[in-house]
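**Q** Work out the full structure, taking the sequences as your base and the hints as a guide.
If you're matching positions, the sequence shown starts at 0 in numbering that gives the first Met the number 0 and goes up one per residue.
Keep in mind that a hint or two might mislead.
[Stated by the list, open to error] Mimicking BS3-like on lysine-lysine, the simulated pairs with C-alpha atoms at most 30 Å apart in a straight line are:
{"#": "1", "residue 1": "K194", "residue 2": "K66"}
{"#": "2", "residue 1": "K84", "residue 2": "K133"}
{"#": "3", "residue 1": "K195", "residue 2": "K150"}
{"#": "4", "residue 1": "K133", "residue 2": "K66"}
{"#": "5", "residue 1": "K195", "residue 2": "K84"}
{"#": "6", "residue 1": "K195", "residue 2": "K147"}
{"#": "7", "residue 1": "K194", "residue 2": "K150"}
{"#": "8", "residue 1": "K133", "residue 2": "K147"}
{"#": "9", "residue 1": "K116", "residue 2": "K150"}
{"#": "10", "residue 1": "K147", "residue 2": "K84"}
{"#": "11", "residue 1": "K195", "residue 2": "K133"}
{"#": "12", "residue 1": "K84", "residue 2": "K194"}
{"#": "13", "residue 1": "K116", "residue 2": "K133"}
{"#": "14", "residue 1": "K150", "residue 2": "K84"}
{"#": "15", "residue 1": "K194", "residue 2": "K133"}
{"#": "16", "residue 1": "K84", "residue 2": "K66"}
{"#": "17", "residue 1": "K116", "residue 2": "K147"}
{"#": "18", "residue 1": "K194", "residue 2": "K147"}
{"#": "19", "residue 1": "K116", "residue 2": "K84"}
{"#": "20", "residue 1": "K195", "residue 2": "K66"}
Since the hints were made in silico from the structure, they are not lab data.
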Amino acid sequence: MDTAYARYLLLVAIVAAGTAVLGTLLFIAIRGRRRKKHSSGIADNAKARNAASDIIENGNVSVFFDKHRNAVLIPYVPDIFGSGKATVDIIRLDMPYRSDELGHAVKTAMASCRNGKPADNRVLMRLLGSSGWKEFTTGRLSISVYCKDSKGIMLNSTVRTPEGAYVYISRTPEICLPPNTDSAELGDAVLELLKKCR
Numbered sequence: 000m001d002t003a004y005a006r007y008l009l010l011v012a013i014v015a016a017g018t019a020v021l022g023t024l025l026f027i028a029i030r031g032r033r034r035k036k037h038s039s040g041i042a043d044n045a046k047a048r049n050a051a052s053d054i055i056e057n058g059n060v061s062v063f064f065d066k067h068r069n070a071v072l073i074p075y076v077p078d079i080f081g082s083g084k085a086t087v088d089i090i091r092l093d094m095p096y097r098s099d100e101l102g103h104a105v106k107t108a109m110a111s112c113r114n115g116k117p118a119d120n121r122v123l124m125r126l127l128g129s130s131g132w133k134e135f136t137t138g139r140l141s142i143s144v145y146c147k148d149s150k151g152i153m154l155n156s157t158v159r160t161p162e163g164a165y166v167y168i169s170r171t172p173e174i175c176l177p178p179n180t181d182s183a184e185l186g187d188a189v190l191e192l193l194k195k196c197r
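**A** What follows is the structure, encoded as structure tokens:
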């Protein structure tokens, strides 16, 4: 075999190898872009779902604060007679926390009302770490947060009775917020009303 032909074969082999490498790199680059677009679409869908879940449609939550401002959020759902009964989906939020964290906890508790079931009183007291409701409420202030049919988030301050129950200070909602209120604004509203509680 003469050297000119050997060089020709070597050149063909190098061009073939280069083409294969270039094709592989091009394939990887295109595939990466497609995946990026696909994952971006997934992220956009997730953002849209999260934005939709940020809208409060229904729910009833009592937010209890101890003297250190640690919060216990108890969601309520109607029982078979239509009365509000606590569920087991209790959320605890210990100080320090920010307004947006409190607002997010309220939204989470309200969302749990959608599928919540009334809790047995013994189970509820065990979860709250108390022997009874009067013991649990001693020294605690309470804010009521509720929403029905996406008509807005309504908040009321309360006063505790000697029996341990809470009654609204005002017959009408003291603060009304749109159903898509952000977490920080909701948390600020709860903390603002807390100043009125007794």
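**Q** Compare the structure with each hint and give your call.
**A** Against the structure, the hints:
1. K194 - K66: With a Cα-Cα distance of about 12 Å, the restraint between K194 and K66 holds, given a limit of 30 Å.
2. K84 - K133: This hinted pair holds, its Cα atoms lying about 16 Å apart.
3. K195 - K150: holds, 24 Å
4. K133 - K66: OK: K133 and K66 at ~16 Å, within 30 Å.
5. K195 - K84: holds, 25 Å
6. K195 - K147: holds, 24 Å
7. K194 - K150: holds, 25 Å
8. K133 - K147: Within the cut-off at roughly 28 Å; holds.
9. K116 - K150: Roughly 23 Å separates the two Cα atoms, so the pair holds.
10. K147 - K84: holds, 16 Å
11. K195 - K133: holds, 21 Å
12. K84 - K194: holds, 26 Å
13. K116 - K133: Measuring from Cα to Cα gives roughly 22 Å; hence the hint holds.
14. K150 - K84: Holds, because 22 Å separates the two Cα atoms, which is no more than 30 Å.
15. K194 - K133: holds, 22 Å
16. K84 - K66: Holds: K84 and K66 sit about 25 Å apart, inside 30 Å.
17. K116 - K147: holds, 17 Å
18. K194 - K147: holds, 25 Å
19. K116 - K84: holds, 8 Å
20. K195 - K66: At roughly 14 Å apart (the allowed maximum being 30 Å), K66 and K195 satisfy the hint.
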